[in-house]
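There are 2 protein chains.
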Amino acid sequence: MNKHLLALLSIFVVVTTNAQNITGFKSENVKKQLDLETAFESQITAANLDSWMKRMAARPHYVGTEYGKENAEWMLKQFKSWGYDAQIETYQVLFPYPKIRILELTEPSVYKAKLKSVPVSGDPYTEQGEELLPSYNAFSRDGDVEAELVFVNYGIPKDYEELEKLGIDVKGKIVIAKYYGSWRGIKPKLAAEKGAIGCIIYSDPEDDGYVRGDVYPKGAFKNNTGVQRGSVMDMPLYPGDVLTPGYGATEDADRLDREDAPTITKIPVLPISYEDATPLLEALQGPVAPVSWRGGLPLTYHIGPGPAKVHLKLEFDWQLKPAYNVIATLAGTEFPDEWILRGNHHDAWVHGAADPVSGMVALMEEARVVGALAKKGQRPKRTIVFCAWDAEEPGLIGSTEWVEHHMAELQKKAVAYVNTDGNGRGFFNAGGSHTLQTMVGEVADVIMDPQKGVSIKERRIAKDRINGGDDKFELYALGSGSDYTPFIQHAGIASLNLGFGGESAGGEYHTIYDTYSHYIRFKDPEFAYGAALAKTAGRIVLRLANADVLPFSFDPWHKTVSTYLDEVMKSSESMRLEVEKHNKLIADNAFYLAADPTEPFIEPGKKEAIPFLDFTPLQNSMMTLESTIARFDSINFYSLPDSKLKALNELLMHTELALTDASGLPRRSWYKHQIYAPGFYTGYGVKTLPGVREAMEQNEWTEAGEQIKKLALTLDKLNNHIEALCSIAKN
Amino acid sequence: MNKHLLALLSIFVVVTTNAQNITGFKSENVKKQLDLETAFESQITAANLDSWMKRMAARPHYVGTEYGKENAEWMLKQFKSWGYDAQIETYQVLFPYPKIRILELTEPSVYKAKLKSVPVSGDPYTEQGEELLPSYNAFSRDGDVEAELVFVNYGIPKDYEELEKLGIDVKGKIVIAKYYGSWRGIKPKLAAEKGAIGCIIYSDPEDDGYVRGDVYPKGAFKNNTGVQRGSVMDMPLYPGDVLTPGYGATEDADRLDREDAPTITKIPVLPISYEDATPLLEALQGPVAPVSWRGGLPLTYHIGPGPAKVHLKLEFDWQLKPAYNVIATLAGTEFPDEWILRGNHHDAWVHGAADPVSGMVALMEEARVVGALAKKGQRPKRTIVFCAWDAEEPGLIGSTEWVEHHMAELQKKAVAYVNTDGNGRGFFNAGGSHTLQTMVGEVADVIMDPQKGVSIKERRIAKDRINGGDDKFELYALGSGSDYTPFIQHAGIASLNLGFGGESAGGEYHTIYDTYSHYIRFKDPEFAYGAALAKTAGRIVLRLANADVLPFSFDPWHKTVSTYLDEVMKSSESMRLEVEKHNKLIADNAFYLAADPTEPFIEPGKKEAIPFLDFTPLQNSMMTLESTIARFDSINFYSLPDSKLKALNELLMHTELALTDASGLPRRSWYKHQIYAPGFYTGYGVKTLPGVREAMEQNEWTEAGEQIKKLALTLDKLNNHIEALCSIAKN
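Each protein sequence line maps, in turn, to chains A and B.
Using numbering that gives the first Met the number 0, you'd call the opening residue of the first sequence number 0 and step up by one each time.
Using numbering that gives the first Met the number 0, you'd call the opening residue of the second sequence number 0 and step up by one each time.
Hints listed in this document are in silico derivations from the structure and should not be mistaken for laboratory results.
This structure is a prediction, so every number in the text was calculated from the model and none was measured.
Just to be clear, a hint being listed does not mean it is correct.
Any copy will do: because identical chains look the same in the list, a pair fits if it lies in one copy or spans two.
[Said to hold, decoys possible] Dumping the calculated DSS-like pairs for lysine-lysine here, alpha-carbon to alpha-carbon at most 30 angstroms:
1) K729 to K471
2) K164 to K471
3) K76 to K569
4) K580 to K558
5) K451 to K25
Isolated chain A, as found in the complex:
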């Protein structure tokens, strides 16, 4: 490129930057905000993330540990030093520590599972011996069972359909399921529903081991002794402390008896390595597993039941432990009662360098710089609250208890919650309330990718396009799996979940190998993406904190929810056709004729015909919303006087609440949001329009009809809300 052209282009870039409109800001305030953000970005220092991670991930710090407490107190000190009004809010939460873990193959041969991950050379953190939390699944019940083993693939609903076709019943058996395919807690939940008396979960090398890449310490992936810890609490029912559903687990709170706690598993469950799984799987006979069930171990995968028989004995030390949430507040200059919340958890299963420390240190760096800017007079208009949650790993406990405890105040004051968790190298991923999509897209447009010199939005779209996707930036819908859940799904607070990844895959998740040593070799060696995350989340927080008009946009929300409605309607149609086809095949005896007579075969049953559902209430509500939103979009709110803007914002910040219903979802009233929820049988995976969709999936057609009406009322509530916003401009 010649110099003149370059100069010309530079001018052009400057000009367009100056002329940039950013959603939520009067044109006269744009420059000031962008200058603030530029100042903020320029002070983000990757080296801080590095040294803080080294400190926080130096030793295991799961809830209740001394080192977890030290981390909380150290963070508290930092926040205070940066000018925050900070405190630790402590809850007393039930947390099981594994006392006895026995798993053995007793027939046809004997093998005693080692249940032990090995230290590896080059990673001193893996040599901390007894301090490393033994591998287990938190909120498994105690148990001592012995039974024949059955391999159930991922142990998700369609796997049990397959077993039914083969005439295999898990009643009275112990199941062994692969990790993946769903959130882990679904596996023991379903197994128990099907009558199993125990559940083993293992990491198969196809999903999480040598098939994916070289194993640790040679590469990043799971070696034969690595075990993924994790909660199996029934979080799709309610997350948080199992003994205090719906209210804060304060010291003097009423508590359920442990025996009555519905979110503890019904059967004992234990995670194991693929080294320990191999002798168990090798000892199975019975039908060879379907092709898609077969994993990466060098053996023929059989289903059983038996002749393999296993003995599983688990006993936990069930104690109340203190969960330390660090809450650091920087009061806003103009609207102190409008809060922008920004959180990440600080507890880990072991060292948790990636999960959660990589996100935690980005948050701290944001807090440091925001504090520094405030000290220099650039204090935000609205209040910013930085939160470091404890006890996320066992079940989003720290955040959930805090939200439940402060529910009334939060529903009054919270504008939005911005979450992060583990972070890596690669592509920007953002999920959340679609009312925030425009604003997040604008921020993603100005953050530079550390590797490619284009915006993180452009890079992300490039990747999507290579994979056949569209030329668009979109938020994904939030299910569960991190601390945004109580905010969006219980309290109805607009939420975001941000992170980078896609170029830093590994097998360290929830193992003793998620260490600083592993992180700086395989995740984000220079903390460049940690810094990018701080810049992104920080800009989002600052825009929310300083906006003249809170940057909620309804058009992207409407477009997205319309696609959900289309999906659900199409799905009802395709389910009906599928049932018709299935019943025709049965009538024609086709399943019998196609079956191999030397293999087990159970004639599949005739399915009940699927009724036509009346979706018109939803279609009509969405149509009304479309025109109301068009009216809203035609109003120039920026020209309103400050008093009206204040009223507008006070209403705008409660938009997400209009999408909740106090009665919650069927069979799980804790979940109030009517657009997004974690799936009852997927766990983390989102179900959009969950009331309607899950009723359909469970073949509850009467309920589906009721949920359509309920959802239409919710949509009408949003419509009224937007109409009220419009009328502020008029009056």
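Following the hints, complete the assembly by docking chain B onto the known chain A.
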């Protein structure tokens, strides 16, 4: 069901059977033919297949062996005893026997490949020591090479595209490819084109080993020492004797110098077991293989090149060997010069219980019963020729030399060729000339499935429907892989390939484990499907032999070829859009932006825009054909006098010839058929409308245009042929 209804239904069934029309027969001749077929079926005796297999598969009998000769002479004796005019026609064909086979890993560690399959308990045939043919790929050239190793997945074109993206060149390297994904001969052919100097092929347990099921002898699948032998002759160029392309390899035939034989590989190639492949793959470094490349071995699949270095030394004893084709003729009573040919090969790689003896013994049982019926006065109107081919395994040599040798007579006298090869338990599969689809469907409608008590057609359709297919019986199109190739693709004789399978999978193919012991445990233990095959092929042969009007139908042919034309047109459109999209991604720098900078990345090149092809000549020819065929179908040929019927049949039997072009396909003139051909880069897999389709796939757009015109002329030739058929009725 009540008794009266049952009685009523029984009557109804009898009535419909009596009233059955069968294509090709005057209504007054239907009963006679059906009675003949019933008599034929009733005499088919499964026990014969059993005892004959035990005899023929007792010892290895590849071409040139004493036992192969004994089998041929024994069959000759049988045919003669059944009343056939039988003889052995011998060709002298080049056949390489492995003298030296050395494969060793020389760096970074040392491993000498065992190249030895182990005998297994319970199968005495595997204990025949030196008599078992060593594992090798026939028509690999001699060679002694040492170089770095590169893993190339299946070694097919799209794998090399992937390697190119990764910047990996196989020039000067030795490649290791998995079996499957294409016919094996494509792997060394492509590797040589890409500059590799050696090729190793191994059976990965994911495709062919413990991942699929328990291994031999516990189960049917390939154990860690099993090796698939097989030809790597460049059969897509021409099959048959490498030294006598296009003419019979008679004793005194002119022969190419071996050095000039174009169908011998350009580089040495050796097949190995997964036991032998493991140390080689473990020694590779470089990029981790793409997800879809990874197999079932317990290791991380790397591509290389190196540091693994291997030494491959192969030397063969290149000798002319006698190939014994057994040809048994039963002259027809009315039309001795109209031949129905029925063939199967008799040579095997080792014992070949499944491949080919299971099909061979079915053919012999057909011959026995047809002979017995003839002796009782039910001799067919047309001549039936039973053929037992030698030297099929090294390259369809016995059949090809015979067809080339007798080309002129065959093109004059052959009505159709009906092929079988290995047979198993399960579902009826039939491929071939779509003019025969109606007739084959009618036969499949009356053959009972041995396991389910419905017709083999009904069972096959049930299976297709369960897998999402239509409620229709269709022939698949013939590529290559068995002895029909010279008949249909070179001589233009209507052909069929028949067999059963789908419930008898195993890993014995071309190994020392394809034995009688294996067959009766895992394939077709009671020879029920062997008997069903004899019944099916026998009925087809008898219908062709006795038809009043030869049962060729043009409507199914037209429907099928129309779908091929649609495919090709759609493919040209989707290729164009794909190139446009690709070039847009390049223009937008998307590949660069989406790439992980820590991994090797080669910017993909801009592709040349794909021109619009003018398909109207084909569309017009097909439209004309449609109306000509409608005219043909409106004529009642059955009412014509015998003299006209004779003239009609003499023309009808040459229908397939109208679909050939004397100049053959581009770059491989041996292949004359313009509708079906084995793919130049798939080997066995069919390419329909091959001239046009392969030109497109190779981005030869000018050639594609030329091939469209050539194919239109061929279609017009068929149209003239059908018009001539119609005018016989008129004159």
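Hints versus structure:
1. In this assembly of identical chains, the alpha carbons of K729 and K471 never lie at most 30 angstroms apart, being 34 angstroms within a copy and 67 angstroms across copies at closest.
2. Proximity of K164 and K471 under a CA criterion of 30 angstroms is satisfied inter-copy only: 26 angstroms between copies versus 42 angstroms inside one chain copy.
3. In this assembly of identical chains, the alpha carbons of K76 and K569 never lie at most 30 angstroms apart, being 54 angstroms within a copy and 67 angstroms across copies at closest.
4. Taking the closest pair of Cα atoms, K580 and K558 come within 30 angstroms of each other only across two copies (26 angstroms); inside a single copy the shortest separation is 33 angstroms, beyond that limit.
5. Proximity of K451 and K25 under a CA criterion of 30 angstroms is satisfied in neither setting, with 32 angstroms inside one chain copy and 78 angstroms between copies.
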